[in-house]
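Asker: Each chain, letter by letter, is given below.
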Amino acid sequence: MAELTMVEAINLALREEMQRDERVVLLGEDVGVDGGIFRVTKDLIEEFGEARVMDTPLAESGILGFAIGMAMRGMIPVPELQFSGFAYEGFHQLESHASRMRWRSQGGLSVPMTVRMPYGAGVRALEHHSESREVFYAHMPGLKIVVPSGPRNARSLLLAAIRDPDPVVFFEPKASYRAFREEVPDDEEIAEIGKAVTVREGGDITIVAYGAMLPRTIEAAEALAKDSVSAEVIDLLTISPLDWPTVTASVRKTGRCVVVHEAPLSYGPGAEIVARVMEDSFLSLEAPVGRVAGPDVHVPYFAREQRYLPDCARILGVCKSVLDY
Amino acid sequence: MPRKTLDLGLEIEHLSILDPSGEADNELVPQIPDDMLLRGYRTMIKARRFDERRLKLQRSGRIGTFAPVTGQEAAQVGTIAALAENDWFVPSYRETAAHFWRDTDPADMLLYDAGYNEGGKLAEDGRLTPLSVPVGTQMLQAAGIAHAARMLGADDIAMTYFGDGATSQGDFHEAMNFAGVFDCPVVFVCQNNQYAISVPRARQTRSETLAQKAVAYGVPGIQVDGNDIFACYVAAHEAVERARDTGTPTLIECVTYRMEMHTTADDPTRYREDDEVDKWRKRDPIERFGKWLKGRDLLDDDAIATMEDEIKDEIETAWQTASDRIEELKDTDPMFAHIYAEETPELARQRKRMEQGQNPGGWSDG
Ligand SMILES: Cc1ncc(C[n+]2csc(CCOP(=O)(O)OP(=O)(O)O)c2C)c(N)n1
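Those sequence lines, one after another, are chains A and B.
Everything in the first sequence is counted per my numbering, starting at 1 for the first residue and increasing by one.
Everything in the second sequence is counted per my numbering, starting at 1001 for the first residue and increasing by one.
Note that these hints are calculated values from the structure, not bench results.
No experiment lies behind these values; they were computed from the predicted model shown.
Honestly, I wouldn't trust all of these hints.
Listing some non-contacts, in silico: residues in chain A with all C-beta distances to chain B over 12 Å [unchecked claim]:
id, residue
1, Glu3
2, Pro215
3, Glu279
Each computed DSBU-like pair below joins lysine-lysine, with the alpha-carbon atoms no more than 30 Å apart [stated by the list, open to error]:
id, chain 1, residue 1, chain 2, residue 2
4, A, Lys253, A, Lys195
5, A, Lys320, B, Lys1352
6, A, Lys42, B, Lys1279
7, A, Lys42, B, Lys1056
8, B, Lys1330, B, Lys1121
9, B, Lys1282, B, Lys1056
10, B, Lys1291, B, Lys1056
11, A, Lys253, A, Lys320
12, B, Lys1056, B, Lys1312
Here chain A is said to cover these stretches of chain B; the calculated rule only asks that three of the stretch's residues, wherever they fall, bring their Cβ under 8 Å from a Cβ of chain A [as the list claims (entries may be wrong)]:
id, segment
13, 1132-1141
14, 1167-1179
15, 1194-1207
16, 1261-1275
17, 1347-1359
C-beta atoms are modelled at their ideal positions from N, C-alpha and C, and glycine is treated no differently.
Looking at chain A on its own, in the form it has when it is part of the complex (with noise of 0.2 Å):
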């Protein structure tokens, strides 16, 4: 067992994806010599090569273009986009291609990559470099979306991510990246895709949340049960495919739920949640279900972006709607 930070953990995953399978390779901006701009691949290169840890040209289109090529001629690529917001010079390769190609091909060919790109507001950042945009990728048919809310998932998720048959965007919550270690076990610990974990059990509320709206989303339940109140907390850990059974059992036991995310309000992944608790477990609501989120406005620049992140008291505050009703 080691004591690790998400940046560590990511990095251990890697390399053990690296040693597995010689057809894993890391390809994107600054991986290589620099060890990526968060040290996520550092000493890769040393140990695995510079054929194996790329450092590429300055192009998203290109590092995903490419990757995908890659993937299809039977490599098992993992680009890495510096930051979420840089994603956009790229985004017609998994729109166009790899979100589409077992399909276009009839199951000819596959692109078994995994996209790793930071995203999230928190840590005073310039402009681009805070945004939640995980549904404009949830909502391509064909891509999965997972999201990491600790260096100990972050770590089993990536290798269920690198080793699944088809493209996954793994976005990884920079503003946990370094902000507390986990124990992680020596022995590899594999996720499974596709599959939410019920973090604290309760019956009064159900509270979903992802990412790094994780911590938040615990301190308000704990501040929850100070007043008595048990709140259950899913972590999604995968937003597409979403684990529903979890959710909608949770739900039906406490009737009811608040949806957390940092992505802005209108059409966020908590629109979808809420769409389906109502489908459900309408039978079972006490209360229209809850969202705590972003507003929809561009994160402001770093001296006001906490205003703009959902905090504890904005949590407790949905919550509190949502018990009262």
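Following the hints, complete the assembly by docking chain B with the ligand onto the known chain A.
Answerer: Chain B with the ligand in isolation, oriented as in the chain A frame:
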């Protein structure tokens, strides 16, 4: 029907006028009025001192990360100085020296660096676009600005700035291509500072120069010593005239060096040797220009000392202004401002809810 070499008359010029020791090729030195020369020198010093001050402010947590310009002052001042006042300046994120030539207020820049959107407010009719972070994306906009000016019957042109790394983006190709196809009066200034964060120029392209990329688009390209303010100015001046007179775009590759870190989040010792940095230090753009000015009796140590004092004051005043504004702004919350020309009913609802400490979403209790 034999194989033959096409004679396309393609050649790429390299221009250098002022060498690192401060000696100039007198036949090539451009005619520039003395006050403009001194203003150029002063702008370069100001940009460098501003970097130094910002680094301290960043290290003490008062501003966030920024991209230093040190080493690239000639590439910026030499080129922007060739623009007329009504021409457009379309920067990326490292163009501090060009901004100072264009009179961008350092207090606004500091406010931006401190994480306040208000710092990004542009001077009215300043003929510039905001700092653009997504690498390479602004070049196409510059071509569009230039084209629109022609359509509107105006004579302004556009000059856009980007790095060596940016030439790898598809947008670079598209911008050069559009500019060529539509005869856009735009000047593309590539500051080849040898690195895109950690990735050296040689890993961006197998082309020997970046200037030669112009050939593929059928437009003029030139490589200049980017630490030589005269070479930068002459190339830019020619490009600006050509753009204005004939609508021909030009690619200028300024060969320069980023003396400091990529941004304050970066540690360059991970990917480059001190020897290399020292080698470039000897090619410093400010030093050689200073020597030349002194040789012409346009400058002496006293004048430099006075200039340094004035600049120091200007920067301190700017920080004072920025700090005062931060005090005024820090408890304000204009998150909903400027999303649309007119606030939509839904945004108004979300804003009001948040003003009451609520979440943006949620049902109304009436
Ligand atoms: C589209 C995009 N991808 C990645 C980044 C992250 N990034 C910021 S600057 C930079 C390197 C840019 O190098 P270059 O174009 O040579 O300009 P320089 O920073 O050296 O001035 C990178 C990769 C970005 N801002 N935009």
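Asker: If a hint holds in the structure, say so; if it does not, say that too.
Answerer: Cross-check of the supplied hints:
1. Glu3: 25 Å, holds
2. Pro215: 18 Å, holds
3. Glu279: 18 Å, holds
4. Lys253(A) x Lys195(A): Holds, because 19 Å separates the two Cα atoms, which is no more than 30 Å.
5. Lys320(A) x Lys1352(B): 19 Å, holds
6. Lys42(A) x Lys1279(B): Given pair Lys42(A), Lys1279(B) holds - Cα atoms ~28 Å apart, limit 30 Å.
7. Lys42(A) x Lys1056(B): 28 Å, holds
8. Lys1330(B) x Lys1121(B): With Cα atoms ~17 Å apart, Lys1330(B) and Lys1121(B) stay inside 30 Å; holds.
9. Lys1282(B) x Lys1056(B): Status holds; Cα separation ~25 Å.
10. Lys1291(B) x Lys1056(B): 28 Å, holds
11. Lys253(A) x Lys320(A): 18 Å, holds
12. Lys1056(B) x Lys1312(B): 14 Å, holds
13. 1132-1141: Since 5 is at least three, the answer is holds.
14. 1167-1179: holds (count 4)
15. 1194-1207: holds (count 7)
16. 1261-1275: Check passed, 4 qualifying residues.
17. 1347-1359: holds (count 7)
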